[in-house]
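The listed protein sequences derive, respectively, from chains A and B.
The first sequence begins at 443 in the working numbering and counts up by one.
The second sequence begins at 461 in the working numbering and counts up by one.
No lab work stands behind these hints, which were simulated from the structure alone.
One thing to keep in mind: the hints can contain errors.
Stated by the list, open to error - Going by beta-carbon spacing under 10 Å, a handful of chain A positions derived as facing chain B:
| id | residue |
| --- | --- |
| 1 | Thr472 |
| 2 | Tyr475 |
| 3 | Tyr477 |
| 4 | Ala483 |
| 5 | Gln522 |
| 6 | Thr523 |
| 7 | Gly524 |
| 8 | Ser526 |
| 9 | Phe530 |
| 10 | Ala540 |
| 11 | Arg548 |
As the list claims (entries may be wrong) - Result set (SDA-like, lysine to any residue): computed pairs, CA atoms no more than 25 Å apart in a straight line:
| id | chain 1 | residue 1 | chain 2 | residue 2 |
| --- | --- | --- | --- | --- |
| 12 | B | Lys517 | A | Lys498 |
| 13 | A | Lys478 | B | Arg490 |
| 14 | B | Lys517 | A | Ala527 |
| 15 | B | Lys517 | A | Lys510 |
| 16 | A | Lys510 | B | Thr561 |
| 17 | A | Lys498 | B | Thr561 |
As the structure is a computational prediction, the values presented were derived from the model and not from experiment.
Yeah, the Cβ is synthetic: ideal placement off N, Cα and C, and Gly gets one too.
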Amino acid sequence: GEDVEQSLFLSVREGDSSVINCTYTDSSSTYLYWYKQEPGAGLQLLTYIFSNMDMKQDQRLTVLLNKKDKHLSLRIADTQTGDSAIYFCALGGTGRRALTFGSGTRLQVQP
Amino acid sequence: KAGVTQTPRYLIKTRGQQVTLSCSPISGHRSVSWYQQTPGQGLQFLFEYFSETQRNKGNFPGRFSGRQFSNSRSEMNVSTLELGDSALYLCASSVGTAQETQYFGPGTRLLVL
Numbered sequence: 443g444e445d446v447e448q449s450l451f452l453s454v455r456e457g458d459s460s461v462i463n464c465t466y467t468d469s470s471s472t473y474l475y476w477y478k479q480e481p482g483a484g485l486q487l488l489t490y491i492f493s494n495m496d497m498k499q500d501q502r503l504t505v506l507l508n509k510k511d512k513h514l515s516l517r518i519a520d521t522q523t524g525d526s527a528i529y530f531c532a533l534g535g536t537g538r539r540a541l542t543f544g545s546g547t548r549l550q551v552q553p
Numbered sequence: 461k462a463g464v465t466q467t468p469r470y471l472i473k474t475r476g477q478q479v480t481l482s483c484s485p486i487s488g489h490r491s492v493s494w495y496q497q498t499p500g501q502g503l504q505f506l507f508e509y510f511s512e513t514q515r516n517k518g519n520f521p522g523r524f525s526g527r528q529f530s531n532s533r534s535e536m537n538v539s540t541l542e543l544g545d546s547a548l549y550l551c552a553s554s555v556g557t558a559q560e561t562q563y564f565g566p567g568t569r570l571l572v573l
């Protein structure tokens, strides 16, 4: 079956960069997503990358995709306390009937 | 453009009861997918509707059902509630298919006592 793995927890200081990692086993996805979930809320789409890209930058967010190693990462520059949340990577696109999510990484930003 | 809306936001039910949750997609979006989120199982796909037809279904028992109306609004129903059905139920909409980018609503938190 499909397997998407994320580390459970990451703690950084305000102003530092955060890097959240995701590894997966099935490489058939055409879209790879990052969603953010704040306490008591739904999922907010942060960004996504096409499988034929290696990198995408969107303001403070940088997504890196290493297809050979089946590794996806999200870098948040100048991390703020408002970035504290759970971050989910998700695989989707052609050939998939639904999104497949990782277990989520809880990002804690210390002032 | 308004986002995905879900009602109600919170529900408390007892075992054996049934519940209906509602989802209104983003205007112009025709595909609606439902997911269940629990601490133990994470985010799991329930089903997807497009043009009033269920197109895909996840691995959930028949107690979980849904439907979609001609205006793309969707409802999901859970009958004979069990304690394990306590979860956050998330609805997502996309323009045409579930393979396109999905936008999520705030969820309905269901507590079964």
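Do the hints match the structure? See the list:
1. Nearest Cβ of chain B to the Cβ of threonine 472(A): about 8 Å, under the 10 Å cut. The hint holds.
2. A distance limit of 10 Å between C-beta atoms decides the matter here; for tyrosine 475(A) the minimum to chain B is near 7 Å, and the interface restraint holds.
3. The beta carbon of tyrosine 477(A) is positioned within 10 Å of a beta carbon in chain B (closest approach about 7 Å), and the interface hint is therefore held.
4. Proximity of alanine 483(A) to chain B holds as hinted, the smallest CB-CB distance being about 6 Å (cut-off 10 Å).
5. For glutamine 522(A), the shortest C-beta to C-beta distance to chain B is roughly 22 Å, which exceeds 10 Å, and the interface hint is violated.
6. Violation of the interface hint for threonine 523(A) is found here, the shortest Cβ-Cβ separation to chain B being roughly 22 Å, above the 10 Å cut-off.
7. A distance limit of 10 Å between C-beta atoms decides the matter here; for glycine 524(A) the minimum to chain B is near 18 Å, and the interface restraint is violated.
8. Of the supplied interface hints, the one on serine 526(A) is violated, with its beta-carbon coming no nearer than about 18 Å to a beta-carbon of chain B, more than 10 Å.
9. Below 10 Å, beta-carbon pairs count as interface contacts, and phenylalanine 530(A) has one with chain B at about 7 Å; its hint therefore holds.
10. With its C-beta approaching chain B no nearer than about 4 Å, alanine 540(A) sits inside the 10 Å limit, and its interface hint holds.
11. The interface hint given for arginine 548(A) is broken, as the beta carbon of that residue sits about 12 Å from the closest beta carbon of chain B, more than 10 Å.
12. Distance hint between lysine 517(B) and lysine 498(A) is unfulfilled; the C-alpha atoms sit about 32 Å from each other, more than 25 Å.
13. Of the supplied pair hints, the one linking lysine 478(A) and arginine 490(B) holds, its CA atoms being roughly 24 Å apart against a limit of 25 Å.
14. For the hint pairing lysine 517(B) with alanine 527(A), the CA-to-CA distance comes to about 29 Å; that exceeds 25 Å, so the pair is violated.
15. For the given pair, lysine 517(B) sits about 31 Å from lysine 510(A) by alpha-carbon distance, which is inconsistent with the 25 Å threshold.
16. Distance restraint check for lysine 510(A) and threonine 561(B): the Cα-Cα separation of roughly 24 Å lies within the 25 Å cut-off, and the hinted pair is therefore satisfied.
17. Among the hinted pairs, lysine 498(A) with threonine 561(B) is consistent with the structure: their alpha-carbon atoms are about 16 Å apart, no more than 25 Å.
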